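Student: The primary structure of each chain is shown beneath.
2 protein chains.
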Amino acid sequence: MNKRLSKIRASLKRRKIDALLVSQPDNRRYLSGYSGSDHGISESAGFLLIPAKGEPHLLTDSRFKLQAEKESANFVITLYPGGLLKLLEKLLPSLGIKKLAFESHYTLYSTALALEKMAAKINIKIVGLKGLVENFRARKTADEISLIQRSVALNEDVFQEVYKQLHPGITEIKLAGIIENLMIDKGAEQPSFSTIVASGPNAAQPHAVPSHRPLREGETLIIDMGLVLDGYCSDMTRTIILGRPDKKSVDLFRLVRKAQLAGIAAIKDGVIAAHVDLAARKIINDAGYGDYFGHGLGHGVGLAVHEAPSLSSRNRKKLRAGMVVTVEPGIYIPDWGGIRLENMVVVKKNGIKNLNKDMTFLDI
Amino acid sequence: MNKRLSKIRASLKRRKIDALLVSQPDNRRYLSGYSGSDHGISESAGFLLIPAKGEPHLLTDSRFKLQAEKESANFVITLYPGGLLKLLEKLLPSLGIKKLAFESHYTLYSTALALEKMAAKINIKIVGLKGLVENFRARKTADEISLIQRSVALNEDVFQEVYKQLHPGITEIKLAGIIENLMIDKGAEQPSFSTIVASGPNAAQPHAVPSHRPLREGETLIIDMGLVLDGYCSDMTRTIILGRPDKKSVDLFRLVRKAQLAGIAAIKDGVIAAHVDLAARKIINDAGYGDYFGHGLGHGVGLAVHEAPSLSSRNRKKLRAGMVVTVEPGIYIPDWGGIRLENMVVVKKNGIKNLNKDMTFLDI
Numbered sequence: 001m002n003k004r005l006s007k008i009r010a011s012l013k014r015r016k017i018d019a020l021l022v023s024q025p026d027n028r029r030y031l032s033g034y035s036g037s038d039h040g041i042s043e044s045a046g047f048l049l050i051p052a053k054g055e056p057h058l059l060t061d062s063r064f065k066l067q068a069e070k071e072s073a074n075f076v077i078t079l080y081p082g083g084l085l086k087l088l089e090k091l092l093p094s095l096g097i098k099k100l101a102f103e104s105h106y107t108l109y110s111t112a113l114a115l116e117k118m119a120a121k122i123n124i125k126i127v128g129l130k131g132l133v134e135n136f137r138a139r140k141t142a143d144e145i146s147l148i149q150r151s152v153a154l155n156e157d158v159f160q161e162v163y164k165q166l167h168p169g170i171t172e173i174k175l176a177g178i179i180e181n182l183m184i185d186k187g188a189e190q191p192s193f194s195t196i197v198a199s200g201p202n203a204a205q206p207h208a209v210p211s212h213r214p215l216r217e218g219e220t221l222i223i224d225m226g227l228v229l230d231g232y233c234s235d236m237t238r239t240i241i242l243g244r245p246d247k248k249s250v251d252l253f254r255l256v257r258k259a260q261l262a263g264i265a266a267i268k269d270g271v272i273a274a275h276v277d278l279a280a281r282k283i284i285n286d287a288g289y290g291d292y293f294g295h296g297l298g299h300g301v302g303l304a305v306h307e308a309p310s311l312s313s314r315n316r317k318k319l320r321a322g323m324v325v326t327v328e329p330g331i332y333i334p335d336w337g338g339i340r341l342e343n344m345v346v347v348k349k350n351g352i353k354n355l356n357k358d359m360t361f362l363d364i
Numbered sequence: 001m002n003k004r005l006s007k008i009r010a011s012l013k014r015r016k017i018d019a020l021l022v023s024q025p026d027n028r029r030y031l032s033g034y035s036g037s038d039h040g041i042s043e044s045a046g047f048l049l050i051p052a053k054g055e056p057h058l059l060t061d062s063r064f065k066l067q068a069e070k071e072s073a074n075f076v077i078t079l080y081p082g083g084l085l086k087l088l089e090k091l092l093p094s095l096g097i098k099k100l101a102f103e104s105h106y107t108l109y110s111t112a113l114a115l116e117k118m119a120a121k122i123n124i125k126i127v128g129l130k131g132l133v134e135n136f137r138a139r140k141t142a143d144e145i146s147l148i149q150r151s152v153a154l155n156e157d158v159f160q161e162v163y164k165q166l167h168p169g170i171t172e173i174k175l176a177g178i179i180e181n182l183m184i185d186k187g188a189e190q191p192s193f194s195t196i197v198a199s200g201p202n203a204a205q206p207h208a209v210p211s212h213r214p215l216r217e218g219e220t221l222i223i224d225m226g227l228v229l230d231g232y233c234s235d236m237t238r239t240i241i242l243g244r245p246d247k248k249s250v251d252l253f254r255l256v257r258k259a260q261l262a263g264i265a266a267i268k269d270g271v272i273a274a275h276v277d278l279a280a281r282k283i284i285n286d287a288g289y290g291d292y293f294g295h296g297l298g299h300g301v302g303l304a305v306h307e308a309p310s311l312s313s314r315n316r317k318k319l320r321a322g323m324v325v326t327v328e329p330g331i332y333i334p335d336w337g338g339i340r341l342e343n344m345v346v347v348k349k350n351g352i353k354n355l356n357k358d359m360t361f362l363d364i
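In the order they appear, the protein sequences are chains U and B.
Residue 251 in our numbering sits at position 251 of the first sequence; the count goes up by one each step and never skips.
Residue 156 in our numbering sits at position 156 of the second sequence; the count goes up by one each step and never skips.
A few of these clues could be false.
Identical copies carry no separate label here, and so any pair may be met within one copy or between two of them.
Unchecked claim - Simulated crosslink set (DSSO-like; lysine-lysine; CA at most 30 angstroms straight-line): (1) K90 x K164; (2) K16 x K268; (3) K65 x K357; (4) K174 x K70; (5) K174 x K357; (6) K86 x K317; (7) K117 x K258; (8) K357 x K117; (9) K353 x K13; (10) K282 x K65; (11) K98 x K317; (12) K16 x K117; (13) K247 x K53; (14) K90 x K130; (15) K65 x K258; (16) K317 x K65; (17) K258 x K248; (18) K117 x K317; (19) K248 x K65; (20) K186 x K164; (21) K353 x K317; (22) K164 x K174; (23) K7 x K186.
The hints are simulated quantities; they were obtained by calculation from the structure and are not laboratory data.
If you're wondering where the values come from, they're calculated on a predicted model, not measured in any experiment.
Turn these sequences into a full structure, and let the hints guide you.
Tutor: Structure (structure tokens):
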């Protein structure tokens with residue numbers, strides 16, 4: 001934690017900013033260890049105030065006091081019974097803060113306006129800052145990679161146990177429930193996102209919500225699942241066909257797998273993110289299915305299941321060693337179904353390290 | 001839906017606004033039926049563009065196309081492969097929109113700045129608007145109240161089934177899993193929030209996250225649970241003591257129940273929300289436990305599990321017939337435990353209608 005705070009402090013000093021107000025929950029946890037859970041962006045479980053010099057503060061309300069004290073012993077913990085702004089109005093001058101940055105990409109417009117108004121009253125400058133903590137978070141330390149590796153291994157464990165029991169007739173929503181239950185039984189904090197189980201035509205929706213539709217033989221079945229272990233996320237997708245797959249399924253499956261391997265092969269330190277997306281997309285485009293692969297190739301994973309860097313055709317930034325990304329091409333055909341395969345890899349100097357061991361995509 | 005759209009359109013016309021961009025997911029569903037699920041505020045499943053005159057539009061990306069078409073047949077559905085702003089830059093002028101409102105309480109500061117920049121380029125005025133759709137949503141129609149009643153009934157059904165099986169030794173997290181599974185088995189879309197199961201000292205945290213701690217006899221056990229059925233939420237809290245409760249538990253339990261009944265008795269059309277909070281709080285204050293009741297008395301429930309109106313000491317607005325609120329006083333004592341009781345009621349002209357039938361709080 002202390003190393004992380006030092007980096008933020010140094011960055012604030014370089015920018016001549018006296019303190020950063022952290023509102024993004026994963027950034028909050030990254031810097032303080034505090035894992036209080038927000039109910040959406042409008043009901044925050046707390047904020048960090050990180051001065052460039054001096055002690056870091058955790059600001060929260062009485063509901064979270066005990067948890068904050070337990071998890072963030074190095075922080076000064078202050079409650080705001082009258083709301084955040086009333087507290088800041090007193091706290092900022094008392095800490096000698098003249099210029100405060102807030103996270104513009106995780107602060108509501110109405111909140112930012114209220115913050116500006118309060119700051120004007122006490123003669124403090126306010127600046128929006130985007131992605132400062134996220135940029136540090138994108139490159140993982142060896143310790144973080146071990147934690148992610150454990151999260152991936154547990155997730156595969158759950159998948160394998162469920163995979164053995166798969167049978168036609170069970171509904172998507174029931175299967176999703178079994179998966180999420182097993183995650184908790186095996187010690188996960190929670191699923192890292194709502195598990196996707198999409199069968200038959202439902203699999204044509206990349207973000208399908210599990211329905212009461214029963215699984216049937218011969219159809220594509222997409223299972224996209226992940227969990228949180230010690231704060232770190234995993235994320236994996238497999239496509240399964242119960243019974244005998246037809247030729248179309250086998251051909252498309254192989255095509256998606258080929259695209260995934262091409263994407264993975266393109267990854268190394270220094271490569272532009274968009275080029276990785278393109279390497280996988282080219283395989284699918286060349287086979288004539290480009291219109292059926294509508295989303296980006298992948299995304300960073302860490303404390304958040306979706307974080308920097310994005311592997312999309314619009315991201316011109318370079319990948320760096322220590323980043324952890326998913327590679328998940330897909331083909332979705334309305335009224336037929338879909339195929340998506342998703343693995344996680346660590347970006348290394350000359351290539352990647354695979355985080356997945358599961359090879360279920362080779363079984364058809 | 002059409003009545004709802006008419007109200008919004010009339011309101012826009014009165015304000016001389018040409019269109020409203022809806023980003024808040026529950027508002028989106030309320031007006032369009034579209035239930036696409038966002039991954040946090042930064043990864044939206046789509047936006048509505050509601051012109052004061054002319055057809056309503058649903059803007060989304062390819063992942064959600066099929067779902068949008070199925071759920072929102074009356075909307076013009078347009079995809080934004082290049083992102084929302086690029087689409088708006090073309091769409092707004094083509095619809096003759098000169099002044100656009102956005103939801104300032106559900107738009108990120110950085111997004112609002114980008115929106116303003118784009119609008120300046122095409123000579124369109126932008127205004128932030130707060131709570132327009134939420135205000136309509138706060139007062140429910142008879143149809144909506146029936147849906148909420150069904151959600152509450154199913155939630156009580158789940159609770160009763162779980163209550164019968166409660167025994168010392170089972171862990172909080174296991175119990176939470178059983179509850180959420182049963183919700184799905186019985187036909188719920190999903191839990192309306194992460195189920196809280198907090199036992200012993202954990203119950204002193206109003207927003208405790210279920211842990212691997214096993215339930216024990218004689219301790220307070222708080223179960224706070226709710227589900228979503230046909231889009232509408234339920235929310236209920238019960239406090240249970242396995243085995244023989246001691247005198248302190250019984251006394252505090254009765255005190256919280258008395259405060260709850262006092263709060264409920266204070267509710268009717270025209271009453272200021274803060275007065276209802278005060279009516280319940282006075283009971284707890286007078287008994288000397290005011291410092292141990294740190295949160296507001298309740299909140300509205302509908303498509304969102306937390307929505308307007310808030311029953312807090314800071315809300316000076318009047319309650320109106322048709323609003324649905326929770327009444328949930330609590331007492332939380334560090335190192336000991338906590339007691340919270342939560343029911344849902346409909347505000348009526350001369351009082352309330354109870355939505356809960358469960359009377360488990362009378363059993364000790």
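Student: What hint numbers does the structure not satisfy?
Tutor: As far as the earlier hints go, 1, 2, 3, 7, 8, 9, 11, 13, 23 are violated by this structure, in ascending order.
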